[in-house]
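These protein sequences, in sequence, are chains L and V. For what it's worth, my numbering labels the leading residue of the first sequence as 34, then goes sequentially. For what it's worth, my numbering labels the leading residue of the second sequence as 828, then goes sequentially.
Rather than coming from a laboratory, the hints here were simulated on the basis of the structure. Each residue gets a CB set at the ideal place from its N, CA and C atoms; glycine is no exception. You may find that some hints are simply not true.
From the structure, some residues in chain V lie toward chain L, with a derived Cβ separation under 7 Å [stated by the list, open to error]:
{"no.": "1", "residue": "Thr843"}
{"no.": "2", "residue": "Asp858"}
{"no.": "3", "residue": "Leu1028"}
{"no.": "4", "residue": "Ala1032"}
In silico PhoX-like links for lysine-lysine, alpha-carbon gap of 25 Å or less [as the list claims (entries may be wrong)]:
{"no.": "5", "chain 1": "V", "residue 1": "Lys1408", "chain 2": "V", "residue 2": "Lys1390"}
{"no.": "6", "chain 1": "L", "residue 1": "Lys116", "chain 2": "V", "residue 2": "Lys1202"}
{"no.": "7", "chain 1": "L", "residue 1": "Lys53", "chain 2": "L", "residue 2": "Lys261"}
{"no.": "8", "chain 1": "V", "residue 1": "Lys1329", "chain 2": "V", "residue 2": "Lys1134"}
{"no.": "9", "chain 1": "V", "residue 1": "Lys1498", "chain 2": "V", "residue 2": "Lys1401"}
{"no.": "10", "chain 1": "L", "residue 1": "Lys116", "chain 2": "V", "residue 2": "Lys1390"}
{"no.": "11", "chain 1": "V", "residue 1": "Lys1202", "chain 2": "V", "residue 2": "Lys1150"}
{"no.": "12", "chain 1": "V", "residue 1": "Lys839", "chain 2": "L", "residue 2": "Lys53"}
{"no.": "13", "chain 1": "V", "residue 1": "Lys1408", "chain 2": "V", "residue 2": "Lys1245"}
{"no.": "14", "chain 1": "V", "residue 1": "Lys1390", "chain 2": "L", "residue 2": "Lys223"}
{"no.": "15", "chain 1": "V", "residue 1": "Lys1212", "chain 2": "L", "residue 2": "Lys116"}
{"no.": "16", "chain 1": "V", "residue 1": "Lys1246", "chain 2": "V", "residue 2": "Lys1278"}
{"no.": "17", "chain 1": "V", "residue 1": "Lys1212", "chain 2": "V", "residue 2": "Lys1150"}
{"no.": "18", "chain 1": "V", "residue 1": "Lys1408", "chain 2": "V", "residue 2": "Lys1329"}
{"no.": "19", "chain 1": "V", "residue 1": "Lys1076", "chain 2": "V", "residue 2": "Lys1012"}
{"no.": "20", "chain 1": "V", "residue 1": "Lys1390", "chain 2": "V", "residue 2": "Lys1209"}
{"no.": "21", "chain 1": "V", "residue 1": "Lys1246", "chain 2": "V", "residue 2": "Lys1329"}
{"no.": "22", "chain 1": "V", "residue 1": "Lys1498", "chain 2": "L", "residue 2": "Lys116"}
What follows is a list of derived Cβ distance ranges for each label pair [claimed, not checked]:
{"no.": "23", "chain 1": "V", "residue 1": "Ala1275", "chain 2": "L", "residue 2": "Leu110", "range": "37 to 47 Å"}
{"no.": "24", "chain 1": "L", "residue 1": "Pro35", "chain 2": "V", "residue 2": "Gly847", "range": "48 to 58 Å"}
{"no.": "25", "chain 1": "V", "residue 1": "Glu921", "chain 2": "L", "residue 2": "Arg250", "range": "47 to 57 Å"}
{"no.": "26", "chain 1": "L", "residue 1": "Leu111", "chain 2": "V", "residue 2": "Ala1197", "range": "52 to 62 Å"}
{"no.": "27", "chain 1": "V", "residue 1": "Gly847", "chain 2": "L", "residue 2": "Pro161", "range": "30 to 40 Å"}
Here are the chains, one letter per residue:
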Amino acid sequence: MPRNVRDVVFVDGVRTPFGKAGGVYAQTRADDLVIRCIRELLARNPQLPPERVEEVAVAATTQIGDQGLTLGRTASLLAGLPKTTPGYSIDRMCAGAMTAVTTVAGSIAMGAIDVAIAGGVEHMGRHPMGEGVDPNPRFLAEKVVDQSALVMGSTAENLHDRLPEITKERTDRFGLRSQEKTAAAYAAGKLQPDLVPIAVRDENGAWGLSTVDEAPRQTSLEKLATLKTPFRPHGRVTAGNAAGLNDGATACLLASAEAAEELGLPVAMKLVSFGFVGVEPEVMGYGPIPSTEKALKVAGLTIDDIGLFELNEAFAVQVLAFLDHYGIKEDDPRVNPWGGSIAVGHPLASSGVRLMTQLARQFAEHPEVRYGITAMCIGIGMGGTVIWENAHWNGESK
Amino acid sequence: MTFPAEVVTQAKLRLTAVPGLDKPAAIITLDNGFDHTKPNTMGPGGLAGLSTAIDEALAAEPAFLAVTGKPYIFCVGADITGIPFVTERSQAAEIEALGHQVYAKLRTAPVPTFAFVNGAAMGGGLELALHCQYRTLSAGAAALSLPEVGLGLIPGWGGSQLLPNLIGVVGAAQVIVQNPLMMNKQLRPKQAVELGIADALFEPADFLERSLLWAASVVTGQTTVQRPEIDRDMWDAVVYFARTELDKKLHGASPAATKALDLLALAKDGVTEAGLTAEREAATDLIMSDELRAGIYSFDLVQRRAKRPAGAPDRSLARDVSKVGVVGAGLMASQLALLFARRLEVPVVITDLDQERVDKGLAYVQAEIAKSVAKGRLSELKAAKLRTLVTGTVDKAAGFADADFVIEAVFEELGVKKKVWAEIEEIVSPEAILATNTSSLSVSAMGAELKHPERLVGFHFFNPVAVMPLLEIIRAEHTNDVTLATAFALGKQLKKSCVLVKDAPAFVFNRILTRFFGEIYNAIDLGTPLDVANTALDPLGLPMRPLELLQLVGPAVAAHVGKTMHVAYPDRFKVSPSMEKIVTAGLPLLVDDEINPAVVELLAGGQTPLTADEVRERALAALAEEIRIMLDEGVVADSADIDLCLILGGGWPFWLGGITPYLDRTGVAEKVTGRRFAPAGVATLPA
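Put together the whole structure using the sequences plus the hints.
See below:
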């Protein structure tokens, strides 16, 4: 039965303020974080009848306890969506939410559903990286991977080894710039509109409200130079040039272009293409380079067509590797204009949708830009890239 | 004044940024440090902490001040466990003044104050919220009420004046007077908002977030809170009407309810210092009243003693029950079958002599299930389960062979019941527990010829079985601990409050009622006019007058119990000729709530009428005597169990404390039996 692929649009995205593991969300359940995001999407888009949401895909890397139990389905029920709305859980480590988006987008594109919510959550305070993992002994016995492949910081050190031109000085500078750009974005009120305030109890039981990211800090190159390199003696990767351990959740609303029009949902951007590619697990940070090549190829575009980049900053070294590869200057204003994960944090499986939400906001400010990408590296050696077209593009430039 | 064992609800202050506001907001979280199973209450320690927290919050000049609770609980009221320690009027006055003074800070604060009522809010907890300038309410709040009047108190921390001025006198009379007297009826959140108690209702999933953002929008002026104008023209008429209704129901028996209406009348001109002062005075008086002390005693019986029945064997001895047999398919048996299926969720088999009766019983069960579904009290899921659980057969052997528990509800005659048990014992395993729902027969006699009499126990339910909370569990001569433990475990699963009773004629509730009302019929026999006899007990405020109750129970049933008691104790339980006439004539006792003139005529003839006071005096004396004898006989462990049976089995009011606190405080107990039932201070004011 021949059929046409349908256009998929990004309507709206929100996230919780990101906390530090053990910080503001220490007394808050992971599922509650993503439930609040879903409810906020529904509240912000009252023209969407809840029963029109036909899928809820929620990503989490550690699907245990409050991040388990088929979170997409349970969060949907607890958020007050109708019982007829199905849901599922997704895991592709750091690209969980990104994969939630591309997966439901696939369903929308092929006409199985019209409207979906995709998002992710990671409460790294409640669920530290590696909780409950049981790697097959064959990995090491048969040298399928080096033992450094399972420790993300070590893979970043490995990437430094491969790319000696990316020095610690460059990654520290990149980290500092991320903090500065985030501070400027906050000051200009760019990030706040898409933050979902979360009621939180402190360790004493008193209620408060979480309204801003907890991780951003003021720092300097001098201070950054003094930080420890926990993954290797005299290494290069520090807490200052990498994302921290964070708690947070994201969610976004996707629809077919027809459904968005029918329901009067605002369209922020249109999905153009996406690509996921595997690389050597030992240098997982390299991943976004081939995944972007793949996505560009599928779209019939080149890197020169891209006017805005939202790159996840798991490690400065992997972002710099990407920029060097594509010949983009590390202070190019098209790249992470509001800073990135090094400043705001990276609650693993949630981050993909943060990139998209921010790209959508930037598109609105830049009608001259037609295409943008969101890309990230992924544990066990993968990269993921999604290319978007600006719904506000005025056709004047690229 | 401090309460020695107060679980102090702490007021935890935190300043927090809220989007849209330049200054932080101050949030006070009420939290006693336990989970929701031990809710927040407010005693002198809690009030002192709240006072400090409010002062500190206001010193920080926040954008607004909000009070909320720990998860699921806002605050369920004053810490009444401390009231027995209030021995002087001045102490009561001090607590009254402290509550008024601390809560007033919220009402008069220089910044907007909000209550975010996230969960249960009762009594002094709801009053705290009423003092805030605005209120949001969670759609998940489980209990909302001002239950004071039911206990024998009034809302004494401003509620009697603030509520009518917030929602009008009609709503306030409903919440403050009417609901507490209707088995402590709670408001649903939606109702509370409709009444005007809260300004905004939010879903529990993001209640606090929405409340904070809403509060910010009120502060910035984006949201204007609209409240309907209070109608003050009809105020006096409404209070008058409420008084009339109350009088019809309680005949002035509840000083708290009367006082509450006085205070509502005073609130007509707004929240005034005079009104608040009058409220403090009234509450202080009531704290120092025997009625409230009895109310607190009753509350404790229902909350605690009913949940841990005195004399019940160790729970670990109880056997699992995975299938229940019901002998009989009449109305009582069918009710029992439905109750067991609904609460235990195990197969229940009813049997009777012929298929027609079995079918009728099953039809009743199916109809009841359908009714519950229609009323929204039962989900279709559970209904489907119940329909499969209840089955019926005429073949007892097939139905009961693998039952762990068999209860009979056949004709109330010893010979019939003995025959039933003899037959059942041949079918069931030697371990199966057997229970009789007899209301007056000797359980020991019933089991005398059983091979295993140790597994027979009395299980005396009250009609209607689904509604009445009392279950008298009767230990017969041979009943062993395993049987008894299983009976108590089952009673708990059935959500009944169980009282352990010795195998004595008519057990507890029926015996007391028969003796008590026996004096009423005796007075009628003597020629006391029917209406005088019928209203003689009005000053107690019992839920029903004697003739009303007799009509409900059925004169034949009452007479049957009466005869049983007469056989057992001929000196104290007389056979009343009037009662005999009523049974024989079969006339309705009441017509349109009035005594049937034909019955008046029927019973006329006695030559030595008594006055109402004499009737009441005799009835109370009989009551005191009978209860003392029951305690001496060891029918129950303690007079508290008698009171519990009266409260739960008959709905006797809290302010009587069941009955023994009333008999103590009026001196009847000492006069008739030479001693009190409980020392002064237990359920009455301290000596």
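Checked hints:
Contact between Thr843 of chain V and chain L, as hinted, is supported at the beta carbon level, the nearest pair being about 4 Å apart and thus within 7 Å. Hint on Asp858 of chain V holds. Least Cβ distance to chain L is approximately 4 Å, under the 7 Å limit. At its closest, the beta carbon of Leu1028 of chain V sits 14 Å from a beta carbon of chain L; the interface hint therefore is violated under the 7 Å criterion. Checking Ala1032 of chain V against chain L by beta carbon gives a least distance of about 6 Å; that is within 7 Å, so the hint holds.
At roughly 14 Å between alpha-carbon atoms, Lys1408 of chain V and Lys1390 of chain V fall within 25 Å of each other, so this suggested pair holds. Distance check on the hinted pair: Lys116 of chain L and Lys1202 of chain V sit about 22 Å apart at the alpha-carbon level, within 25 Å; holds. With a CA separation close to 19 Å, the supplied pair Lys53 of chain L and Lys261 of chain L stays within the 25 Å bound. Restraint check for Lys1329 of chain V and Lys1134 of chain V: the C-alpha separation of about 19 Å stays at or below 25 Å, so the hint holds.
For the proposed pair Lys1498 of chain V and Lys1401 of chain V, the alpha carbon gap of about 23 Å is at most 25 Å, so the pair holds. Between the alpha carbons of Lys116 of chain L and Lys1390 of chain V the distance comes to roughly 59 Å, so the proposed pair goes past 25 Å and is violated. A hinted pair counts as satisfied when its Cα atoms are at most 25 Å apart, and Lys1202 of chain V with Lys1150 of chain V does not qualify at roughly 28 Å. Using a Cα cut-off of 25 Å, the hinted pair Lys839 of chain V and Lys53 of chain L holds, with the two alpha carbons roughly 23 Å apart.
For the suggested pair Lys1408 of chain V and Lys1245 of chain V, the alpha carbons sit about 32 Å apart, so the restraint of at most 25 Å is broken. Between Lys1390 of chain V and Lys223 of chain L the CA atoms are separated by roughly 87 Å; this puts the pair beyond 25 Å, and the hint is violated. About 21 Å separates the Cα atoms of Lys1212 of chain V and Lys116 of chain L, which keeps this hinted pair within 25 Å; it holds. With a C-alpha separation of about 13 Å, the suggested pair Lys1246 of chain V and Lys1278 of chain V falls inside the 25 Å cut-off, and the hint holds.
Proposed proximity of Lys1212 of chain V and Lys1150 of chain V is supported: the alpha carbons are some 15 Å apart, at most 25 Å. Distance hint between Lys1408 of chain V and Lys1329 of chain V is unfulfilled; the C-alpha atoms sit about 33 Å from each other, more than 25 Å. Between Lys1076 of chain V and Lys1012 of chain V the CA atoms are separated by roughly 16 Å; this keeps the pair inside 25 Å, and the hint holds. Between the alpha carbons of Lys1390 of chain V and Lys1209 of chain V the distance comes to roughly 43 Å, so the proposed pair goes past 25 Å and is violated.
With a C-alpha separation of about 23 Å, the suggested pairing of Lys1246 of chain V with Lys1329 of chain V holds against the 25 Å cut-off. The suggested pairing of Lys1498 of chain V with Lys116 of chain L is violated, with an alpha-carbon distance near 67 Å, which exceeds 25 Å. Distance hint check: the CB atoms of Ala1275 of chain V and Leu110 of chain L are about 58 Å apart, inconsistent with the given range 37 to 47 Å. At roughly 52 Å, the beta-carbon separation of Pro35 of chain L and Gly847 of chain V lies within the given 48 to 58 Å, and the hint holds.
Separated by about 52 Å at the C-beta atoms, Glu921 of chain V and Arg250 of chain L satisfy the suggested range of 47 to 57 Å. One distance hint, 52 to 62 Å for the beta-carbon pair Leu111 of chain L and Ala1197 of chain V, is violated here, with the actual separation near 31 Å. Range check, Gly847 of chain V to Pro161 of chain L: about 35 Å between beta-carbon atoms, so the 30 to 40 Å window is met.
Checked against the numbered hints above, the structure breaks hints 3, 10, 11, 13, 14, 18, 20, 22, 23, 26 and satisfies the rest.
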